[in-house]
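Q: Quick mapping for you: the protein sequence lines, in order, are chains A and B. Note that the numbering used here gives residue 907 to position 907 of the first sequence, counting from 1, and the numbers run on in steps of one. Note that the numbering used here gives residue 157 to position 157 of the second sequence, counting from 1, and the numbers run on in steps of one.
Hints may contain errors.
DSS-like, lysine-lysine: derived pairs with alpha carbons at most 25 Å apart [as the list claims (entries may be wrong)]:
| hint | chain 1 | residue 1 | chain 2 | residue 2 |
| --- | --- | --- | --- | --- |
| 1 | B | K2 | A | K1051 |
| 2 | B | K64 | A | K539 |
| 3 | A | K466 | B | K263 |
| 4 | A | K465 | B | K14 |
| 5 | A | K481 | B | K2 |
| 6 | B | K263 | A | K335 |
| 7 | B | K64 | A | K285 |
| 8 | A | K6 | A | K102 |
| 9 | B | K14 | A | K475 |
| 10 | A | K330 | B | K263 |
| 11 | B | K14 | A | K481 |
Across the chosen pairs, the derived CB separations fall in these ranges [what the hints assert, rightly or not]:
| hint | chain 1 | residue 1 | chain 2 | residue 2 | range |
| --- | --- | --- | --- | --- | --- |
| 12 | B | G256 | A | R126 | 30 to 40 Å |
| 13 | A | L478 | B | D148 | 43 to 53 Å |
| 14 | A | K475 | B | D148 | 49 to 59 Å |
| 15 | A | G271 | B | D300 | 50 to 60 Å |
| 16 | A | K623 | B | T258 | 54 to 64 Å |
| 17 | A | G271 | B | T278 | 14 to 24 Å |
| 18 | A | G137 | B | E164 | 52 to 62 Å |
| 19 | B | T258 | A | G271 | 38 to 48 Å |
| 20 | B | D148 | A | T497 | 16 to 26 Å |
| 21 | B | G256 | A | K475 | 54 to 64 Å |
| 22 | A | T336 | B | D148 | 41 to 51 Å |
| 23 | B | P163 | A | G437 | 58 to 68 Å |
| 24 | A | R126 | B | P191 | 29 to 39 Å |
To be clear, the hints were calculated from the coordinates, so they are not data collected in a lab. Don't be surprised by glycine CBs; every beta carbon is placed ideally from N, CA and C.
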Amino acid sequence: MEKVEKVLLLGSGGLKIGQAGEFDYSGTQAIKALKEEGVRVVLMNPNIATVQTDEGLADAVYLLPLTLQFALQVIKKERPDAILLGFGGQTALNLGLELQEKGILTKYKVRVLGTPVSVIRDTEDRELFVKRLQEIGVKTARSFAARSIADAQKAAQKIGYPIMVRAGFALGGLGSGIIRTPAELSQRLTEIFKSSPQVLIEEDLCGWKEVEYEIVRDCADNCISVCNMENIDPMGIHTGESIVVAPSQTLSNEEYHRLREIAIKTIRHLGVVGECNIQYALNPKTGDYRVIEVNARLSRSSALASKATGYPLAFIAAKLALGFTLPELKNSVTKTTTACFEPALDYIVLKMPRWDLTKFENAITQIGTEMKSVGEVMAIGRSFEEVLQKAIRMLSIGADGFTAHKNGNFRIPHYMDEIKHPTTRRIFALAEALRAGVSTKKISTASGIDPWFLEKMQNIILCAKKISRSHLDRKTILGAKKLGFSDIQIATLTKSTEDRVRKERKRLKVLPVIKQIDTLAGEFPAQTNYLYITYNGTKSDVVHGKNSVVVLGSGPYCIGSSVEFDWSSVQVLKTLAENKYETIMINSNPETVSTDYDMSNRLYFEELSLERVLDIYEFEKPKGVVISTGGQIPNNLALPLHSRGVKILGTSPKNIDRAEDRHTFSKLLDRLAIDQPAWVELTTHKAAAKAALKLGYPVLVRPSYVLSGSAMSVAYDEPSLLRYLKKAVDISTEHPVVISKFIENAREIEIDGVASHGKLVIYAITEHVENAGTHSGDATVVLPPQRTYLETIRRAKHVTKGIVKELQITGPFNIQFLAKENHLQVIECNVRASRSFPFVSKVTGYNFIDIATRAMLKEDVSGDYRTLELDFVAVKSPQFSYARIKGADPVSNVEMASTGEVACFGDSFAEALIKSMLSAGFRLPKKNILISLGKEENKVKLLPALRELAKMNFKLFATEHTADFMRENGIECEKVYKIGTKKEPSVGSLLDNDGIDLIINIPGRNFGREAADGYIIRRKAVDMNIPLITNRQLAESFIVAFSEMNPAQLKSESVSMYRNKSEV
Amino acid sequence: MKLTLKDGTVFEGKSFGANVPAAGEVVFNTGMVGYVESLSDPSYTGQILVLSYPLVGNYGVPDKGFFESAKIHAAGLVVAEYSENYSHHAARESLSEWLKRSKVPAITGIDTRALTQKLREHGIMLGVLDANPANAVRRRLTALDFVDPNEENLVAQVSIKKPETYGDGPATIVLVDCGAKENILRSLMRPETKVVRVPWDYDFTNDTYDGIVISNGPGDPQQCEETIANLRRAMISNKPILGICLGTQLLALTAGATTYKLKYGHRSQNQPCIDTETHRCYITSQNHGYAVDAKSLPADWKVWFTNANDGSVEGIKHRTKPWRAVQFHPEASPGPTDTAWIFDDFVLNIKGLRNP
């Protein structure tokens, strides 16, 4: 193979449902693998919060939209001789296919490394795929497309009932379902053909086991299966929505190796080079199989397999892409054996999805063939019961395990319904059913879950019943621990406390052991630092280290806690290592870089719970624990750890708590004479209503204790306040709510900073494009600020210094301000790294986490950090996943909804904004724009921008009142009627037929009936993939930017080019 | 129940097999599936099998048509967690029922990773599964209790007693049964073959046949002097020979090479073996405690496969004659099926000789 000099690596962009942090892991490993061979790496990825976009990894980083236009520019500029498509998820793969199709790769002589494009096409195109597999007699699910009822009936006859019907081109499996008779089929088809021209008639595989294999093949045709995995939830539930175990548990040797053989045969026939994943359906009654799909790239499953086995799949895949063969590569865990082997596990791994649907009103919580989960956790142990209970706790949703919860949120009244029609709470429904004594056979029939798993679950329920009846002796506690019970669960069952159970347990010498993941099940000695903790064992593999520091990771990704915290954790590890500390990482999230085999001296793939962190702390005896870089989960552990004698590095946990506790913090601000929105704390509905009236609506309501649903809300009137209090909040003396004045039309600015011993060291001020009311995580953020007065900045800095001093902060922090007409109010302070730390670090060129870590290590970090004087502008945009969350209203509010973020640099705000929006999936309008503005104020304020838009020769459509208003103001537009009026032309038919390529829909208010039409428009925009803007300030900024910027002038410069500009 | 190793280490657990004592050589296997195939593999005769994968018994035990021989050959079984519940469409009984029926003891609740590491560090050790805890109190286990199976002729115990014929194809293969796994037989049986399975010490050299397969089997290859003598005579006729596992060691000894005992053997389903001719790497299933010494191979033989992890000999081949052998198990069961082509090659080889 010709020597490769320079490779273009495509990233995956902002995190969204179905494509999360796993691609930071794969891209980062790829870069390391390439650099090791002296290959220059050019990375294109607008996800600024990733490790892979860090300085010192790739040779050039382009924070740019992953689109043809920008990729072409980068190729022209960098002239790479090769490109890697398999490390950035579907986004990178699709862009690669497009580059190939357009002849760009050929024209610029860019070779595709790894799996050839023709092979990718064979796996992506359903018809080609089936044909290729038929060539070697491998079975795929039978499927026919039909355009008429007669054709469909014929197809159904061929396959045999029951069949699965799916509407072609329909969104979200609309109209899909199981059909048992020809008559039923005719009836269903009549409905479907009204909205869809085509149906797919498929073999019904619901209830079959779903099994996956991760396969690696090199260019010399060596082919191995690194890991197999079995979904506990059978076919019919997306593997991203399923609970998955590795290795498979209910497959016999014959099945395991038959599927492995078919996998290898298939992958060889297709000609994949590198890593891929093959999914099967396996009939539980006959052992018959179907291949469902092959993903010829790194995937979420491969990240999981990599963490589950310790085999660095992405690293190896990158080496194979360069032309290495498997036997030439070393097993990086044992360092002595070859990479051409198949890991043997001597433990069991369980992955569980993390959903976040309660953040969305109207969101449907049923799970099925579409992925909705936003993150996942992975538990490692030596019994199924142990890993199941660990995984549930790792989700950090308040559940203490499979059963025995301290709070009552996990009781499912209609459990059989949620078992039959699975929801995100099915695992708790299973527990409820088993508690109620429903037989595993009955549950298995209703759910399709293999009885083996259910019987294991039943062991947990039986044990819980036994504990609550018996005396806590050594045998009982040890038995419970082997089944994964936490001290809290045991405390709940015995009406004791966690601390008392822990003390008694230790007295009885019921202690866990630490085991290594060594890829060879102990057969060869391995220098592995990859660890887990189990009670199913008698001997630890390791002894405690020296001079170590523990870093608590972020736990599962969820809305509000994403790859940014993984980035921060990784930076801490790096700085600690530079300072000659042994690093110990604790994390439970397999989609992370922090859990990579070479990031820390020791990795505990473990629960971020008080019990487990104490276990590790007591064993390792470290110098201290860093809790301030992993987001809210580790932050919440600060005080409990501190009060049990754990040394926390950085700000004192007592002071962290003073900022966390809204009541204390507000009093603190009052004392420091720092302005804040008026607030009151209340314990009854009546008092709340009275107080709200006094403060004046709208008000912001925040509970101190969340039952379900949103944690925060804006109420515009008394009915909406009471509705919210009733639905989401358990209001009592113990759990008061805080009601504060919601300030409208205020701007929001944030300070991210680092302090040392109460002294401000470095800070960056960012400005939100959207007004207050949009959650900071959903806001478009600008650095340096464009519209904030110098005086305001000075004042913000002054206030910050005061808070930093009062809380004696050492380490990272973030403060959020409201600015209105020269008036500055503090709304929140987090004494930990915020989501925007990677953004401010990469824009200013100062690694805030590095500085914070050194401050925590008591180094002198003072210096002259200039963060305001930049010769470019950076804009960060939220990445939403509304398309995946059926029913959710895609409008931002005080609750965060975005799943990721992207950021771009530009010479002007306009350029950076447009590039940033494009990076988040926005597309620039070409012809038709629909405008629909609620509330008079929105119309008036947007008028100048609308005039600009009118000048740009777009065809404008507007809904009734908006159209009237625009016409009155001399802006030509076509009027469309609301859907409810049944008059034509209506918004509905316009969206269905007229190629609208931008919708600006600004809702008047979040509540009320008049919002229904707006909701339909917004939802349709999402479902039909039409770019949508729902915020007035963003609409205004976008229109102005768009009118200033010719899209052809959007530049493609690398991060270092911008940085050099600043330094000149 | 407890497991006592010769060095005095005691592992306590719970019995889930027959409540009888057993002594043997304690060996570990790191495969994640395949307990049915392993237990019924005659090569485990005299050995107490430790499974390093912790959950065992999950899919029960199928009909004996799936076994590798008619019965359990391992002396005992050691697992971390025996799964009381099993679930599989092919299961006929639980693993516990099978073990009890077969009068084979088994112990669960053992830290099999710790045990595996111990065996790795010290090398394979003798051990005793003691059903009656009272014994331990009454007396210390003595050297006599630790039975070294390798001092016996285990092959003689597991080989068939008289020849049997399978199939009626034109090409006749003599399968020398030193404790052959059923899947070797299944792999050889094709429309074009007839397999005559003969006892380990049966002199087949005067019979009519087209090729010889020497099977796997338990114990020290040097115990099989009769087989070696027969092979030496058979070599005169230049007919194709395929050795598998113990068969490789026997072929090597016949050729004049020597064998040695590995510290803790290869027992797993993930052993990478490199074909020295093509440099292709295959993932193989293995179960052997002895190996061929590469340095001792005569000049007309060469190493065919080497283990990519420790460099040991995994296959040998005569430079000019159609004699070859693999230390791994191309018949798989349990384990990966990647090297099944070795049987195809062998059968083609025989046919080639018949119709040149």
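Q: Mind listing which of the numbered hints don't hold for this structure, in increasing order?
A: 1, 2, 3, 12, 13, 14, 15, 18, 20, 22
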